[in-house]
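Note that the protein sequences, when read in sequence, are chains S and E. Per our numbering, the very first residue in the first sequence carries number 1; after that it's consecutive. Per our numbering, the very first residue in the second sequence carries number 1; after that it's consecutive.
Please note that a few of the clues may not be correct.
[Stated by the list, open to error] Below, a list of computed lysine to any residue pairs in the SDA-like style, where the Cα atoms sit at most 20 Å apart:
#1 K45(S) to M27(E)
#2 K45(S) to Q85(E)
#3 K57(E) to A69(E)
#4 K45(S) to S81(S)
#5 K2(S) to N22(S)
#6 K45(S) to A69(E)
#7 K42(S) to R44(E)
#8 K45(S) to D26(E)
#9 K57(E) to D38(E)
#10 K79(S) to G58(S)
#11 K57(E) to N92(S)
#12 K57(E) to Q85(E)
#13 K42(S) to A106(E)
No lab work stands behind these hints: they were computed from the structure. Treat the numbers as computed from the prediction; the structure is a model and nothing was measured.
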Amino acid sequence: RKEVEQDPGPFNVPEGATVAFNCTYSNSASQSFFWYRQDCRKEPKLLMSVYSSGNEDGRFTAQLNRASQYISLLIRDSKLSDSATYLCVVNNAGNMLTFGGGTRLMVKP
Amino acid sequence: IAGITQAPTSQILAAGRRMTLRCTQDMRHNAMYWYRQDLGLGLRLIHYSNTAGTTGKGEVPDGYSVSRANTDDFPLTLASAVPSQTSVYFCASSPSLGANVLTFGAGSRLTVL
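Bound-form chain S, shown alone (with noise of 0.2 Å):
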């Protein structure tokens, strides 16, 4: 079993409309969770970090289920800009970043 597995998608969806992903990890050890996003033949950056309480950045909210083991991620309101691949990732007791598959969003007009 992976660590950090996601739907690999892809997830379309119309201009505005509000999509969900999810990821679940196994480690029960793991300390710090993210999304990363990474554009079509470009390097992952940061989007947001996971916490706790859950957080929101604008249009993006990201929710954490230590319980179940999975992290959400939520966008409203989608724009042709979120079009890209969403990386979930995990920060182990190891102190080493664990990248899921990533989930593709395709955006259409």
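Got chain S sorted already, so can you dock chain E onto it with the hints?
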């Protein structure tokens, strides 16, 4: 502009050849990393370095070697390339090992025939 520079951007290589991917950062970060990214498998750590003069093995180190002679440079060498090493390689850095935010280079796309 501060960041990470990788070279080459892309390369086609015959199996059995030696290849070095270069990575240079100008942020004075202590930790540097090499990842490979393959479809469906995500980013997997090959090697890392905590500081100049020290290196460590990641999840998939076989067939690769690294060196860290100074803070800025972290080259990745394939001693004898094989087709399974066809991938996109990303170099990354962070202020310290285990830091939560990595800065990535633009990637090197390697094809081994």
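Evaluated hints:
no. : hint              : result
1   : K45(S) to M27(E)  : holds, 16 Å
2   : K45(S) to Q85(E)  : violated, 24 Å
3   : K57(E) to A69(E)  : holds, 17 Å
4   : K45(S) to S81(S)  : holds, 15 Å
5   : K2(S) to N22(S)   : holds, 15 Å
6   : K45(S) to A69(E)  : violated, 27 Å
7   : K42(S) to R44(E)  : holds, 16 Å
8   : K45(S) to D26(E)  : holds, 18 Å
9   : K57(E) to D38(E)  : holds, 19 Å
10  : K79(S) to G58(S)  : holds, 13 Å
11  : K57(E) to N92(S)  : holds, 16 Å
12  : K57(E) to Q85(E)  : holds, 17 Å
13  : K42(S) to A106(E) : holds, 6 Å
Comparing the model with each earlier hint shows violations of hints 2 and 6; every other hint is respected.
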